[in-house]
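Novice: Respectively, the protein sequence lines represent chains A, B and C.
Heads up: the first sequence begins at 69 in the numbering used here, then just goes up one per residue.
Heads up: the second sequence begins at 69 in the numbering used here, then just goes up one per residue.
Heads up: the third sequence begins at 69 in the numbering used here, then just goes up one per residue.
Simulated from the structure, these hints should not be mistaken for lab results.
Heads up, a few of these hints could be off.
Note that the list lumps identical chains together, so a pair holds whenever it fits in one copy or between two copies.
Okay, derived cross-link-like pairs now, DMTMM-like style, lysine to aspartate or glutamate, Cα gap no bigger than 20 Å in a straight line [as the list claims (entries may be wrong)]:
#: 1; residue 1: Lys299; residue 2: Asp116
#: 2; residue 1: Lys287; residue 2: Glu277
#: 3; residue 1: Lys299; residue 2: Asp175
#: 4; residue 1: Lys192; residue 2: Glu265
#: 5; residue 1: Lys192; residue 2: Asp263
#: 6; residue 1: Lys71; residue 2: Glu265
#: 7; residue 1: Lys299; residue 2: Asp165
#: 8; residue 1: Lys125; residue 2: Asp107
#: 9; residue 1: Lys248; residue 2: Asp228
#: 10; residue 1: Lys311; residue 2: Glu223
#: 11; residue 1: Lys287; residue 2: Asp216
#: 12; residue 1: Lys248; residue 2: Asp263
One letter stands for each residue in the lines below.
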Amino acid sequence: MNKQVPVITLLTDFGLQDEYVGVMKGVILSINSGVQLVDITHALTRHDVVQAALIVKSTFSYFPTNAIHVIVVDPGVGGKRKVLCCQKDGHFFIAPDNGALSLIIQDGNVDELRAVTNEAYFLKPVSHTFHGRDIFAPVAAHLSKGLDMSRLGQEIGLSDVVTLDLPAPFLSPRNALVGKILSIDAFGNLITNIDQETLMRFGSGQRLEEMVIMVGRSKIRGVSTSYDSVKAGSPVAVLGSRKLLEIAVNQADARTYFKAGLGQAITVKLPTLKDGAPR
Amino acid sequence: MNKQVPVITLLTDFGLQDEYVGVMKGVILSINSGVQLVDITHALTRHDVVQAALIVKSTFSYFPTNAIHVIVVDPGVGGKRKVLCCQKDGHFFIAPDNGALSLIIQDGNVDELRAVTNEAYFLKPVSHTFHGRDIFAPVAAHLSKGLDMSRLGQEIGLSDVVTLDLPAPFLSPRNALVGKILSIDAFGNLITNIDQETLMRFGSGQRLEEMVIMVGRSKIRGVSTSYDSVKAGSPVAVLGSRKLLEIAVNQADARTYFKAGLGQAITVKLPTLKDGAPR
Amino acid sequence: MNKQVPVITLLTDFGLQDEYVGVMKGVILSINSGVQLVDITHALTRHDVVQAALIVKSTFSYFPTNAIHVIVVDPGVGGKRKVLCCQKDGHFFIAPDNGALSLIIQDGNVDELRAVTNEAYFLKPVSHTFHGRDIFAPVAAHLSKGLDMSRLGQEIGLSDVVTLDLPAPFLSPRNALVGKILSIDAFGNLITNIDQETLMRFGSGQRLEEMVIMVGRSKIRGVSTSYDSVKAGSPVAVLGSRKLLEIAVNQADARTYFKAGLGQAITVKLPTLKDGAPR
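Chain A extracted, bound-state conformation (with noise of 0.2 Å):
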């Protein structure tokens, strides 16, 4: 009755037009029909492996502990990469070794780092298109049957896996702050990668709302706390639901209106910095 059902996530740039996905389903189902699985997203941009790294990374806490959550964005299907299973904060993650992983894995406390290499628990003939069903798939339901990850290879080191290298907020000679567009999501909404951590030891005591943001040669006025603290069609910056600065336009589309793009600069100022006559 109030026993725990497991859950595995995926997350993958299949999209949903064809049938792998379902494939991936059955698979896990034929090992273990007692799951929930649930889709994260399957329409990341092909072989977007920092997309990838970011969802995974905002999701995973929202799921309950002991969540098996399956990252497939393969670019090097078949080929030399490795593929790796994550132990962390009491959740498993299983992805190529291609960077996908290795944001969480940068936040520490990891507990357990493996290449998954027994083939005892993949599926036979393993195919060199589509690990996603003969590997990702069957090792996340044998997890979920509480097969103890450490029978899925050897353990391997933090130091050891493909990392990104995303660009990180700094500060500008001038003393702004200067961040990029990493994401835009299907809203319109331009998220940064200016965290709120960042922002407020930035501030340091001026408040948010002081706060000057700008986008391109465009200002907007504080940092809010909602979409509809400006009038429907005005932008506005919040700190949005990924703890993350991000631009939007109240009911409508901050992409079109700023014609923005991924890698953008967004830069945040502060008021005492006297930003300029108004234009």
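Start from chain A and add chains B and C according to the hints.
Specialist: Frame of chain A; chains B and C shown alone:
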């Protein structure tokens, strides 16, 4: 064995590109891992409360009693709009107070209606940008575990909720029944606001196959029983699966065929009215 | 605990924009709330029975025995076409009699084949426009509860079902194996009708890596073991996850690269044939 598994349905305008729907499911499963989660659709046009209201009304009764229906189309998130929880016909509904529940409330049989305010059942801290995750999901999960609805907040009156101003079909001076296209589905079928009952009352004895349906200047003879009643590529009027008059083209797309759009008038005439010479 | 949870898979051309798939799930859960529901895909091209048949054939065996596979690609809904229920290899299949099941039926091992006519297991009143909701979903749900298939309707002969006229690969006068592109997946991979067995028989001793594959006037040397066998941006032929010859471009889109389309010829030659001077 034959125990009823609780069902939670999700209807949002989040799309499936981002991780937002997956995160809501994580929050639900963290509270109750033993639920059935069903996606109604997440492809609502952004902020289209009218479509949300129409879909809730036409879908909920196909689910088992005690199902919990979560609707997150929420342009006012983080602002002053209330969150509603409604019990009706043995089903539960949770949605922002923006009209999404107004059609089912107007249909009567509401057993209980409350403003959701008890933060004990929220995910904390509550963000101002993602109440789907912080309020709707955890409240639904607690209800699925049997929480008494009275714990969520104060009762409010049926007349205190935001309503929608939807067009109703009407009789023209020349005694035609004039409706509108309310929705267009992905098949391109044009779904009107003319329900079966209104059509029957209008016909008063005339058989459906004798009515004449006008889409712009095009004429369709009779309300047929299936798309297949006409040959492929021909237009056809049917009482569709929502029990609303629907204009389709057999094995093709009526939106394209008629260059039709939302809100366009659809007129039904009776043969005794002498609907004129053929054009 | 280790009890097998019944699995129902859904394969339709409904898309995910509308509420139709969700409603089918509601009907199923109203009859049996304890099932695992798996979406194979709902993004089939409208009325594309051939893709449906190919996907059913290549996916079903990845699911647990006793899984119930529901296919709703149904241009003839409400017309005279039959509804089939088939048992084969311990799996159940429910689909309109339009060819969707013809490939698995032709593959043999059919244990039982019936026309579904017993309205006792339908949702009433049965509409003429949405048999997915009114017939397919409830019949699948009843099967998942252990209903004996013989209750659904009369047995019919294997030769009484609608079949598809799919092209088979053939030998050209100059002894090349000529196949066709049957499907193109969302990665842009070109999936042919040349299966592994036919390719091996054709090669009779020649190794896969010595074959030459022609896509239009472009030549690919050898059938490789993985996409990764060539450098990014280069074309590659592999035996894909469906065990069919597949033309891909490593980390890119073969459809765009080759300007390829469905039905286009793909030719395989053996090196002993002297496939001509390099272009």
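Novice: Work down the list of hints and note, for each, if the structure agrees.
Specialist: These are the hints, each one checked on the structure:
In the homo-oligomer, the alpha carbons of Lys299 and Asp116 lie at most 20 Å apart only across protomers (18 Å), although the nearest pairing inside one protomer, at 35 Å, exceeds that limit. Taking the shortest Cα distances, Lys287 and Glu277 sit within 20 Å of each other inside one copy (13 Å), while across copies they are farther apart (60 Å). In this homomeric assembly, Lys299 and Asp175 never come within 20 Å of each other (Cα to Cα): the closest approach is 38 Å inside a single copy and 33 Å across copies. Proximity of Lys192 to Glu265 under the C-alpha cut-off of 20 Å is restricted to the inter-copy arrangement: shortest distance 18 Å between copies versus 47 Å within a copy.
In this assembly of identical chains, Lys192 and Asp263 lie within 20 Å of each other by CA distance solely across copies; the values are 18 Å between and 44 Å within a copy. For the homomeric pair Lys71 and Glu265, neither the shortest alpha-carbon distance inside one copy (37 Å) nor that between copies (47 Å) is at most 20 Å. For a Cα distance limit of 20 Å, the shortest separation of Lys299 from Asp165 across copies, 19 Å, qualifies, whereas the shortest one inside one copy, 45 Å, does not. With identical chains, the CA atoms of Lys125 and Asp107 are at most 20 Å apart within one copy only, with a shortest distance of 15 Å there and 24 Å across copies.
When the C-alpha separation of Lys248 and Asp228 is checked against a cutoff of 20 Å, the pair qualifies neither within a copy, at 28 Å, nor between copies, at 45 Å. For a Cα distance limit of 20 Å, the shortest separation of Lys311 from Glu223 qualifies neither inside one copy, at 33 Å, nor across copies, at 34 Å. In this assembly of identical chains, the alpha carbons of Lys287 and Asp216 never lie at most 20 Å apart, being 54 Å within a copy and 48 Å across copies at closest. In this assembly of identical chains, the alpha carbons of Lys248 and Asp263 lie at most 20 Å apart only when taken from the same copy (11 Å versus 48 Å across copies).
Figure legend: structure checked against the earlier numbered hints; hints not met, in rising order: 3, 6, 9, 10, 11.
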